[in-house]
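Participant: These are the residues of each chain, in order.
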Amino acid sequence: MENVMTAIRVVPLEHYLILSFLLFSIGMVGALVRRNIIIVIMCLELMLNSVNLLLVAFSAYHSDPGGQVMVFFIMLVAAAEVTVGLSILVLMKRNTDGVDMNILNRLKW
Amino acid sequence: MSALILISVLAVLVLYLGLFGNKSWLAPIGVLGLLGAIALFASGWHIDHHLMGGMVKFDRFSIGFNIAMVAITVLIFLFGPDYYARAKDNVAEQYALMLFSLVGGFLLSSYTNLLMLFLGIEVLSIPLYILAGAKKNSLRSNEASFKYFLLGSFSTAFLLMGIALLYGLTGSFELTVLGEHIANAGSSDMLLNFGLFFTVTGLAFKMGAVPFHFWKPDVYQGAPTLVTIFMATVVMMAATAGFFRLIDVTGMPGMLAQIMVLLVLATLLVGNVIALRQTNFKRLMAYSSIAHSGFLLLALLTDEGLVEGHGTAVGRTLLYYTFTYSLATTGLFILFTIAKRANNGAEHNDIFRGLFAAKPWLALCALAMLLSLAGIPLTAGFIAKYQVFLLAIGAGWLKVMGFGVLMALLGIYYYFMVVRELFVRPDQPVTFVVSPLNWLVVSVCAVAVLVLGVWPSLI
Numbered sequence: 001m002e003n004v005m006t007a008i009r010v011v012p013l014e015h016y017l018i019l020s021f022l023l024f025s026i027g028m029v030g031a032l033v034r035r036n037i038i039i040v041i042m043c044l045e046l047m048l049n050s051v052n053l054l055l056v057a058f059s060a061y062h063s064d065p066g067g068q069v070m071v072f073f074i075m076l077v078a079a080a081e082v083t084v085g086l087s088i089l090v091l092m093k094r095n096t097d098g099v100d101m102n103i104l105n106r107l108k109w
Numbered sequence: 001m002s003a004l005i006l007i008s009v010l011a012v013l014v015l016y017l018g019l020f021g022n023k024s025w026l027a028p029i030g031v032l033g034l035l036g037a038i039a040l041f042a043s044g045w046h047i048d049h050h051l052m053g054g055m056v057k058f059d060r061f062s063i064g065f066n067i068a069m070v071a072i073t074v075l076i077f078l079f080g081p082d083y084y085a086r087a088k089d090n091v092a093e094q095y096a097l098m099l100f101s102l103v104g105g106f107l108l109s110s111y112t113n114l115l116m117l118f119l120g121i122e123v124l125s126i127p128l129y130i131l132a133g134a135k136k137n138s139l140r141s142n143e144a145s146f147k148y149f150l151l152g153s154f155s156t157a158f159l160l161m162g163i164a165l166l167y168g169l170t171g172s173f174e175l176t177v178l179g180e181h182i183a184n185a186g187s188s189d190m191l192l193n194f195g196l197f198f199t200v201t202g203l204a205f206k207m208g209a210v211p212f213h214f215w216k217p218d219v220y221q222g223a224p225t226l227v228t229i230f231m232a233t234v235v236m237m238a239a240t241a242g243f244f245r246l247i248d249v250t251g252m253p254g255m256l257a258q259i260m261v262l263l264v265l266a267t268l269l270v271g272n273v274i275a276l277r278q279t280n281f282k283r284l285m286a287y288s289s290i291a292h293s294g295f296l297l298l299a300l301l302t303d304e305g306l307v308e309g310h311g312t313a314v315g316r317t318l319l320y321y322t323f324t325y326s327l328a329t330t331g332l333f334i335l336f337t338i339a340k341r342a343n344n345g346a347e348h349n350d351i352f353r354g355l356f357a358a359k360p361w362l363a364l365c366a367l368a369m370l371l372s373l374a375g376i377p378l379t380a381g382f383i384a385k386y387q388v389f390l391l392a393i394g395a396g397w398l399k400v401m402g403f404g405v406l407m408a409l410l411g412i413y414y415y416f417m418v419v420r421e422l423f424v425r426p427d428q429p430v431t432f433v434v435s436p437l438n439w440l441v442v443s444v445c446a447v448a449v450l451v452l453g454v455w456p457s458l459i
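For the record, the sequence lines run as chains V and Z. If you're matching positions, the first sequence starts at 1 in the working numbering and goes up one per residue. If you're matching positions, the second sequence starts at 1 in the working numbering and goes up one per residue.
Hints listed in this document are in silico derivations from the structure and should not be mistaken for laboratory results. Honestly, I wouldn't trust all of these hints.
Residues from chain Z that face chain V, not an exhaustive set, calculated with beta carbons under 7 Å [as the list claims (entries may be wrong)]: (1) Asn-142; (2) Leu-160; (3) Met-161; (4) Gly-168; (5) Gly-171.
Straight-line alpha carbon distances no greater than 25 Å define the calculated SDA-like cross-link-like pairs of lysine to any residue that follow [stated by the list, open to error]: (6) Z:Lys-135 x V:Asp-100; (7) Z:Lys-282 x Z:Val-434; (8) Z:Lys-147 x V:Leu-89; (9) Z:Lys-147 x V:Ala-7; (10) Z:Lys-340 x Z:Leu-276; (11) Z:Lys-147 x V:Val-84; (12) Z:Lys-359 x Z:Gly-311; (13) Z:Lys-135 x Z:Ile-29; (14) Z:Lys-136 x V:Thr-6; (15) Z:Lys-135 x V:Ala-80; (16) Z:Lys-340 x Z:Thr-312.
Covered stretches of chain Z (in silico footprint by chain V; criterion: 3 or more residues with CB under 8 Å from a CB of chain V, positions within the stretch not fixed) [said to hold, decoys possible]: (17) 146–158; (18) 316–330.
Every residue gets a Cβ at the ideal spot worked out from N, C-alpha and C, and that includes glycine.
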């Protein structure tokens, strides 16, 4: 465990911050721009995983295991969430025969 | 703790009963369990309970909110048998998912640790994604469910980013550590500002504050009405309570005050102005709920964090506001379902036409609830808004409060569009079919709104 902590600390904290912000932004832009729903769900996962990376880095720098426990909770909840999301997608596929965002156009102001 | 376990076990029990295909027992058992939970919460009123290694604290604020949430769920469950009378299957699952979601609400109103904030929000939301799509063959329901899922997970990612940054700042998920850090080290740190910004963004999504409100009208319109009631009431209360828990520790350090002011102004303006041109009643209620979350944010804005004694006043106002709002919304949506059935599934505002001629008492109930939402004196909605404005004056946000008063006046207009329909004579006679239980629930909502308006000290 201590080896891993020191291995993580080899890279400066700022680099982890920048990397995870980059990943987060890529995920965010992807979720807003892409039209294929499967890719949008992948982008959402990317956002969550960038947070995981950040938490592990902070956890190593603070020498506090709490952050790594949080990572497990996030992975678990993300799995539950994506299960629900994909099953809703299957339901929509059955009713409309497509996985493109443009089918989401029945509710408008 | 026992109430949390009771509700979770109750949900599993309801799910199990659904296997036997007997719908008629589900709601009574659910109501009994919920009443038991109220009793358990009430018995813990005088002592603060710390659970799960101090991650959850049941104090008076959270117990008050929890009892209010359970009470509204009881009203929704009483409406259930009639609403699901023609549904063939999956009824037990929907009751059970609502109970699971309620457990998330309990966590959200009583967390003292950011980990529990995240879990609470997710336990609250994931059942709701499914519930919004409960009408499996309706495309609109599917779409509502999927939109809610996409924007919900999106906001969760923001919330998590905020939590991670705050963790990086203090090295702990405990809210008290965060509060002490702000008190000692000041509020100039970038990590703190960004962390709070992301966390507040995530929570504002759940409350439906502008500019994070886009899901609300679509989801309210597409979801089954019973689920819409649950989202508009219990979820709104839980999100408000969760927001308050955070703000009550951090206060308004650094940029947060400016961000919150912008949120309040945008939410009040957009919610009230767009509601003016809504003709679909469900969308109208969605924009009304956005407008109300603007007033709730205004109350949250006045919280000064760890300053002793001030947080209780804000917490009490929030409880009173959300509870009375939820009562009026529940009653109105039940009346909406009755009117929708009488008009062959139309959702336009004018389905209420002729209600006064056919059922005078129900029309008067609807009038009381609409007046309460609009904030006319002698109803609870007026006292709620009045208390929020008092808090805002006390904290020195005079201009924001003035804007709030203006928007409250604007809001009266669109509620009166519905009030007018109640008393208009219909072109051809309409028959409203009301079951005795629905009549009772609507009457309870309307009378409670009036009683709480005359004697606000009851809460």
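Participant: Now tell me, hint by hint, if it's right for this structure.
Facilitator: Right, here's what the structure says about each hint:
no., hint, result
1, Asn-142, "holds (5 Å)"
2, Leu-160, "holds (4 Å)"
3, Met-161, "holds (5 Å)"
4, Gly-168, "holds (4 Å)"
5, Gly-171, "holds (4 Å)"
6, Z:Lys-135 x V:Asp-100, "holds (21 Å)"
7, Z:Lys-282 x Z:Val-434, "holds (20 Å)"
8, Z:Lys-147 x V:Leu-89, "holds (11 Å)"
9, Z:Lys-147 x V:Ala-7, "violated (41 Å)"
10, Z:Lys-340 x Z:Leu-276, "holds (21 Å)"
11, Z:Lys-147 x V:Val-84, "holds (13 Å)"
12, Z:Lys-359 x Z:Gly-311, "violated (44 Å)"
13, Z:Lys-135 x Z:Ile-29, "holds (24 Å)"
14, Z:Lys-136 x V:Thr-6, "violated (52 Å)"
15, Z:Lys-135 x V:Ala-80, "holds (21 Å)"
16, Z:Lys-340 x Z:Thr-312, "violated (41 Å)"
17, 146–158, "holds (count 8)"
18, 316–330, "violated (count 0)"
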